[in-house]
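We have chain A; now place chain B onto it with these hints.
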Amino acid sequence: MIDRTQFWIVVVVLGLATYAIRFSFLGLLGNRPLPGWLQRSLRYTAVAVLPALVAPAVLWPPATGGTPDLARLLAAGVTVVVGLATRQMIFAALAGVATLLGVPFLL
Amino acid sequence: MSASRESYLRGVRAALPFAVVIVPFAMLFGLLASEAGLQLYEIVAFSVTVFAGASQFAALHLLQDQAPLLIILATALAVNLRMLMYSVTLAPHLGAAPLGVRAVMAYLLVDQSFALSVAEYDKRPEMTVHEKTAYFFGAVTPVLPLWMGSTVAGALAGRAIPPEYALDFAVPIAFLAMTAPMIRTWPHALAAGLSVVATLALSVLPYGTGLLVGSTIGMAAGAAFEYWREGRSA
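Keeping their order, the protein sequence lines are chains A and B. Quick note, the first sequence lines up with residues 3 to 109 if you use the working numbering. Quick note, the second sequence lines up with residues 568 to 801 if you use the working numbering.
Isolated chain A, as found in the complex (with noise of 0.2 Å):
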């Protein structure tokens, strides 16, 4: 159950934090430029963060006690190489759900 208070919280602060992120140079310090190091480490945010969130879920998912599962151990393969080589979103979420549900069938 999520925790009402916590929940309002997060939607107020996050709310706020992402809009002053988006607003800061657009709207506050215009042309003015990031030192190098900064900008190199910002192209890398999104991709350190997103995939390192739910590695635990695939590697132990809650789903089955933490057990490692074939299904979704080659569903999320699949959807990272379906995504790299196609470079489509929608593509690589349609081929790991596919293979998610699939293998229980194969086996």
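Worth double-checking, as some hints may not be accurate.
[Unchecked claim] These stretches of chain A come out as covered by chain B in the derived footprint (C-beta under 8 Å, 3 or more residues): (1) 11-22; (2) 46-59; (3) 63-72; (4) 89-100.
No lab work stands behind these hints: they were computed from the structure. C-beta atoms are modelled at their ideal positions from N, C-alpha and C, and glycine is treated no differently.
Okay, now just chain B, sitting in the frame of chain A:
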């Protein structure tokens, strides 16, 4: 037809194909949020206030795991930090627009409107600031209603789906599907791979901190690798 109006329509047309990604993604968010026990008005408030899909998934995931508040905020904001880059990149193109207009644009600055606008400004450097502004608004015009509407549709569908159809693996698939196409260079691959390995290795740390430390290591490694490669080619 005025040049601005033409630019606006060009933006709308360019953004329409994104519907195939936005609709299922937003529906999944509404569905999972509703399965997590959130009410429709809470889900809508979340989407309207934050309007940044990946960070909403991340926050929802961590809220359900009862992670500490600071960890939830730090992780979701880390996902959105890329928008600082967007804001920096657009400032020279749109900085001459009135402040009120830029304040609205900031709210509408999402992956799709950014990517389309930058590509268009590069292709047509002769565009005036009015045309650039119009194109930006055009590129986000299909995105906003599709995102909000599909979130609501997903939330309503979620109430009709019995809990035994566990959707536990939808978020990992969605995140991996989103990330894989972003991996365009070896530094990206290093950042993603090292971040995953470090986070898994650090998963013994108290909840959520392993992720923050692990992804910081991955991010720094990606940036360092890029710096090293540029140094060698220069």
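Cross-check of the supplied hints:
1. 11-22: Holds: 10 residues of the segment 11-22 of chain A have a Cβ under 8 Å from chain B.
2. 46-59: Coverage by chain B holds here, the residue count being 14 at a Cβ distance below 8 Å.
3. 63-72: holds (count 3)
4. 89-100: Holds, because 8 residues of the segment 89-100 of chain A bring their Cβ atoms closer than 8 Å to Cβ atoms of chain B.
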